[in-house]
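Visitor: Each chain, written out:
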Amino acid sequence: MDLLLTHFWELTITGLAIGAVYSLVALGYTLVYGVLRLINFAHSEVFMWGSFAAVWVLMAAGAGKASGLGLAGYLILGLVAAMAVSAIVALLLEFVAYRPLRKRNSPPLIALISAIGASFTLSELMGLRDKPLKWFNASGLQDYLGRPRENLPFPLQVETKRLFYVFNYHVSNIDVIVLVSAIVMMVILDQFIKRSRLGRGIRAVAQDPEAAALMGVNRDRVIRLTFLIGGLMAGAAAMMYLLKIGVTRYNAGFILGVKAFTAAVLGGIGNLRGALLGGFILGVAENYGSALFGSNWKDVVAFVLLVVILLFRPTGLLGESLGKARA
Amino acid sequence: MLLEVDELCVNYGRIEAIRNISFTVREGEVVTLIGANGAGKTTTMKTVSGLRPVRQGTVRFQGEDITSMPAHERPVLGIAQSPEGRGCFVGMTVIENLDMGAYARPDRKSPRINEDRDRVFGLFPRLAERRSQVAGTMSGGEQQMLAIGRALMANPKLLLLDEPSMGLAPKLIQQIFDIITEINEQGTTVLLVEQNAAQALKRAHRAYILETGEIVREGTGDELANDPAVKASYLGGDV
Numbered sequence: 001m002d003l004l005l006t007h008f009w010e011l012t013i014t015g016l017a018i019g020a021v022y023s024l025v026a027l028g029y030t031l032v033y034g035v036l037r038l039i040n041f042a043h044s045e046v047f048m049w050g051s052f053a054a055v056w057v058l059m060a061a062g063a064g065k066a067s068g069l070g071l072a073g074y075l076i077l078g079l080v081a082a083m084a085v086s087a088i089v090a091l092l093l094e095f096v097a098y099r100p101l102r103k104r105n106s107p108p109l110i111a112l113i114s115a116i117g118a119s120f121t122l123s124e125l126m127g128l129r130d131k132p133l134k135w136f137n138a139s140g141l142q143d144y145l146g147r148p149r150e151n152l153p154f155p156l157q158v159e160t161k162r163l164f165y166v167f168n169y170h171v172s173n174i175d176v177i178v179l180v181s182a183i184v185m186m187v188i189l190d191q192f193i194k195r196s197r198l199g200r201g202i203r204a205v206a207q208d209p210e211a212a213a214l215m216g217v218n219r220d221r222v223i224r225l226t227f228l229i230g231g232l233m234a235g236a237a238a239m240m241y242l243l244k245i246g247v248t249r250y251n252a253g254f255i256l257g258v259k260a261f262t263a264a265v266l267g268g269i270g271n272l273r274g275a276l277l278g279g280f281i282l283g284v285a286e287n288y289g290s291a292l293f294g295s296n297w298k299d300v301v302a303f304v305l306l307v308v309i310l311l312f313r314p315t316g317l318l319g320e321s322l323g324k325a326r327a
Numbered sequence: 001m002l003l004e005v006d007e008l009c010v011n012y013g014r015i016e017a018i019r020n021i022s023f024t025v026r027e028g029e030v031v032t033l034i035g036a037n038g039a040g041k042t043t044t045m046k047t048v049s050g051l052r053p054v055r056q057g058t059v060r061f062q063g064e065d066i067t068s069m070p071a072h073e074r075p076v077l078g079i080a081q082s083p084e085g086r087g088c089f090v091g092m093t094v095i096e097n098l099d100m101g102a103y104a105r106p107d108r109k110s111p112r113i114n115e116d117r118d119r120v121f122g123l124f125p126r127l128a129e130r131r132s133q134v135a136g137t138m139s140g141g142e143q144q145m146l147a148i149g150r151a152l153m154a155n156p157k158l159l160l161l162d163e164p165s166m167g168l169a170p171k172l173i174q175q176i177f178d179i180i181t182e183i184n185e186q187g188t189t190v191l192l193v194e195q196n197a198a199q200a201l202k203r204a205h206r207a208y209i210l211e212t213g214e215i216v217r218e219g220t221g222d223e224l225a226n227d228p229a230v231k232a233s234y235l236g237g238d239v
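Protein sequences, first through last, are from chains A and B.
Position 305 (the first sequence) corresponds to 305 in my numbering; numbering is contiguous.
Position 79 (the second sequence) corresponds to 79 in my numbering; numbering is contiguous.
Treat the hints loosely; a few may be bogus.
As the list claims (entries may be wrong) - Here are the simulated DMTMM-like pairs of lysine to aspartate or glutamate, each with C-alpha atoms no more than 20 angstroms apart in a straight line: (1) B:Lys202 <-> B:Glu185; (2) A:Lys194 <-> B:Glu4; (3) B:Lys171 <-> B:Glu182; (4) B:Lys157 <-> B:Glu7; (5) A:Lys194 <-> B:Asp99; (6) A:Lys244 <-> A:Glu159; (7) B:Lys202 <-> B:Glu64; (8) A:Lys103 <-> A:Asp2; (9) A:Lys103 <-> B:Glu73.
As the list claims (entries may be wrong) - Far from chain B by the CB rule (all over 10 angstroms, computed), these chain A residues: (10) Ile13; (11) Gly117; (12) Leu125; (13) Val166; (14) Gln191.
To be verified - Which bits of chain A does chain B cover? Going by a derived footprint, with three or more residues having C-beta under 8 angstroms, they are: (15) 196–205; (16) 214–226.
Since the hints were made in silico from the structure, they are not lab data.
Heads up, the beta-carbon is just placed ideally off N, CA and C, and yes, glycines get one too.
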């Protein structure tokens, strides 16, 4: 209890920062669920591939200790690489694992199995990334690969600077970078979905696919668009995750994906703002939980919270009936 | 000829929902398909708008064969549908729903959209009052108006109305049919599917009667309304 009280603001702010990562990944689950009624289990791997992209690009760019403008350059480079690769993986995933099933009108359960299969495949491909090197004799790339089943460290080292106080917590530059960039992206996305024509198309398909088709909305295009947006956000999340955690690995997506999915359900799956809220709540609650019960209990706290909230609000915090989902 | 449906067959799995039906809609007409529940009216409608795949036969719009054209490409040609059960986007406001109606229009950014919206508000003053209300919170009648208004926002050549009077109070039914007549007089061709045969026949230039997936009668609205057999089966003996 003491730990929670003395470190309350630190726990809150670092919880919000990791919560922002959950939120950004949760967006991908909730958007795809909104238009396809499908839990895209491979979304966690979209995130993981983005994190590797960021690491590799920054290794190639020779990133190390950095500050000021150089740091900003590396951050943008890593972010762009992660977002691009995640978006490409997400689109490929849709093309290979889901679209063929949709064209054959397969039942939803089949798509779910396909999702799980795609998740394993993407994860294991990364876990076996050293194999192709042996075929091609390209051992010069060994440094980039690291040991495939182990952690790959993030090369960019951001010198921690304490910027300002929130009550008794001295907020670090990393927290600020993560939170500010995440919130900027969330606002842009929220406005895009709310105001733009394409965003309205996404909401139309989520609310009534048949009526949307009658309005001239191309459902396939909308589905691709949601995978694209989900991928971009997962890539951004990957970069922020690296800044906070400092390493990635072939199965880094798993736990994070489960957490992000939890966040989406917590907020009300299909609801965009719900996913954001759910991510932040989960991040903060985990931190409080580990202060109260010890860090080993962190995940237990997160999932007990989920169960309790769903007991009282089965549709999640902001979830209305599915038909009214905003997505 | 605006719409020609020729020897159309549509299945749901193995069940034949409609068999060999043929009908036409000419420019400027109100044509109605009437029939009991399960006669295939809605299936026919969905086939014209592209939501149901066709097993056999053709659908031609302005002479062009659109039988296998996907639904989302048809609004651009000038086909708009107000679906059975309204199909309003319940999480969107009235204005957003109306804008969705104009989603596929090439001139969606021109001021004509505002004129068309004003026209819809002129037909349905109720929608103007509720312009920023979320559709899901509106009454059935209001949602019906919204569904018709939304279809009009596509500025269609052919307006498909599927059961616009379903579930509405008698006074409102009268009002909806008055508006359908008004829309037609403003120059839009209407294909109307109805269970309320009395009103539909009164308003329609021509009518077809569907029974278990087949067209069993056709004629002008007046002819059918005064036909003893039709009266007995569909009009409950008086019009």
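Visitor: Hints first: check each against the structure and report whether it holds.
Guide: How the hints compare with the structure:
1. B:Lys202 <-> B:Glu185: holds, 15 angstroms
2. A:Lys194 <-> B:Glu4: Outside the cut-off at roughly 39 angstroms; violated.
3. B:Lys171 <-> B:Glu182: holds, 17 angstroms
4. B:Lys157 <-> B:Glu7: Violated. B:Lys157 to B:Glu7 sits at ~23 angstroms, over the 20 angstroms cutoff.
5. A:Lys194 <-> B:Asp99: Since the Cα atoms of A:Lys194 and B:Asp99 sit roughly 13 angstroms apart, the hinted pair holds (cutoff 20 angstroms).
6. A:Lys244 <-> A:Glu159: holds, 12 angstroms
7. B:Lys202 <-> B:Glu64: This hinted pair is violated, its Cα atoms lying about 31 angstroms apart.
8. A:Lys103 <-> A:Asp2: violated, 58 angstroms
9. A:Lys103 <-> B:Glu73: holds, 18 angstroms
10. Ile13: A:Ile13 clear of chain B: closest Cβ-Cβ about 33 angstroms, beyond 10 angstroms.
11. Gly117: About 28 angstroms separates A:Gly117 from the closest Cβ of chain B, which puts it past 10 angstroms; holds.
12. Leu125: holds, 34 angstroms
13. Val166: holds, 36 angstroms
14. Gln191: At roughly 14 angstroms from the nearest Cβ of chain B, A:Gln191 sits farther out than 10 angstroms, so the non-interface label holds.
15. 196–205: holds (count 5)
16. 214–226: It holds: at least three residues are needed, and the segment 214–226 of chain A offers 6 whose Cβ sits within less than 8 angstroms of chain B.
In summary, the structure is inconsistent with hints 2, 4, 7 and 8 from the numbered list given earlier, while agreeing with the others.
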